[in-house]
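S.K.: Position one of the sequence shown corresponds to residue 1 (UniProt numbering), numbered consecutively onward.
It should be emphasised that the hints constitute simulated quantities derived from the structure, not laboratory data.
The beta-carbon is built from N, C-alpha and C at its ideal position, and this holds for glycine as well.
Heads up, some of the hints might be wrong.
Restraint ranges, calculated between C-beta atoms of paired labels, are given here [claimed, not checked]:
| # | residue 1 | residue 2 | range |
| --- | --- | --- | --- |
| 1 | Trp5 | Glu177 | 51 to 57 Å |
| 2 | Asn10 | Lys178 | 28 to 34 Å |
| 3 | Val20 | Val168 | 47 to 53 Å |
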Amino acid sequence: KKDLWKREMNCFMSICDYIVEVIPRSLGTNVEITETKLRSDILMSLPALRKLDNMLMEILDSFTDNEFWYVERGSSSMNSSGNCRDSGTFRKVVVQRKDEKWWLPVPCVPAEGLSEEERKNLRHKRDCANQIHKAALAINDSTLNDMDIPDSYLTTLPKSGKASVGDVIYKQLCTAEKFYPDQLLDILKITSEHEALEIADKVEASLVTWRRKTGGLAHSKSSWDMMKDIGGDAGNDKNHILAARARSLLFCLKQRYPELSQTSLDICKIQYNRDVGKAVLESYSRVLEGLAYNVVSWIDDVLYVDRTVRNRDD
Numbered sequence: 001k002k003d004l005w006k007r008e009m010n011c012f013m014s015i016c017d018y019i020v021e022v023i024p025r026s027l028g029t030n031v032e033i034t035e036t037k038l039r040s041d042i043l044m045s046l047p048a049l050r051k052l053d054n055m056l057m058e059i060l061d062s063f064t065d066n067e068f069w070y071v072e073r074g075s076s077s078m079n080s081s082g083n084c085r086d087s088g089t090f091r092k093v094v095v096q097r098k099d100e101k102w103w104l105p106v107p108c109v110p111a112e113g114l115s116e117e118e119r120k121n122l123r124h125k126r127d128c129a130n131q132i133h134k135a136a137l138a139i140n141d142s143t144l145n146d147m148d149i150p151d152s153y154l155t156t157l158p159k160s161g162k163a164s165v166g167d168v169i170y171k172q173l174c175t176a177e178k179f180y181p182d183q184l185l186d187i188l189k190i191t192s193e194h195e196a197l198e199i200a201d202k203v204e205a206s207l208v209t210w211r212r213k214t215g216g217l218a219h220s221k222s223s224w225d226m227m228k229d230i231g232g233d234a235g236n237d238k239n240h241i242l243a244a245r246a247r248s249l250l251f252c253l254k255q256r257y258p259e260l261s262q263t264s265l266d267i268c269k270i271q272y273n274r275d276v277g278k279a280v281l282e283s284y285s286r287v288l289e290g291l292a293y294n295v296v297s298w299i300d301d302v303l304y305v306d307r308t309v310r311n312r313d314d
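Construct the entire structure; sequences and hints are all you get.
M.R.: Right, dumping it as structure tokens:
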């Protein structure tokens, strides 16, 4: 599978070798020659993604001679109470997955729990996978931000940002002298990822609306340019202030919910994107992001079962 993955990725990304930009090359004479080089976004992001890919493969390859194992739910290795059985020893396995993926196998550990060395190795692998996840997420966000906002998305927006974001959030955005996005998220009391995604969609829609009103967003302008404009000299313009606060709220929301699905704007950008290079970078980074997040979740499951076993012995 590893060799197949590498062959498929090499084939998938081979087209990027031909996505170039033409630059002038001065020879110190009246004659100017042009040369080609890889487009800047591909030149920067693709090697980084390949490195993250290799690091993930190294982590997965390192899972040999483990002290834990897996059993299928309802298999002969589990009794009717959901206990994991090994060599006559029964241990209750309760894995609290946020996403309730009941179809995944259940991790089991020895009766005395994992050794200290095994726990240390797992924590180290988890930290590495978590850093890979953050790096892939950053590249994915950057690639999406560089994509143009489709006209089909802009035409669906209401005329006012307040109509998009709602009265409660709008009041907090425009009335507070100092805006603290964390406090606003606490006030909203978000109870699920689905609710968080709905709020992200609303905030992002209002953000685009306010930027259009300031004249800082044309139809063909990418959202990355839009975000950079927010950091500029906004003065006291209300729409600039609202856009800046909406952006900080959206950033804080994604930090608090790292597993958040793509927003409606992101999905729309991917659907209407016609740039092959950006499509490759976005999809590759999204796959690595998902795999790294899964590795972190799998290790968390094993460590949770280990803590459960050791706490019962205590």
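S.K.: Each hint should be assessed against the structure and marked as holding or not.
M.R.: Hint check results:
1. Trp5 to Glu177: 51 to 57 Å: Check passed, 53 Å falls within 51 to 57 Å.
2. Asn10 to Lys178: 28 to 34 Å: Cβ of Asn10 to Cβ of Lys178: about 51 Å, so the range 28 to 34 Å is violated.
3. Val20 to Val168: 47 to 53 Å: 49 Å, holds
This entry does not satisfy hint 2, going by the numbered hints stated previously; all others are met.
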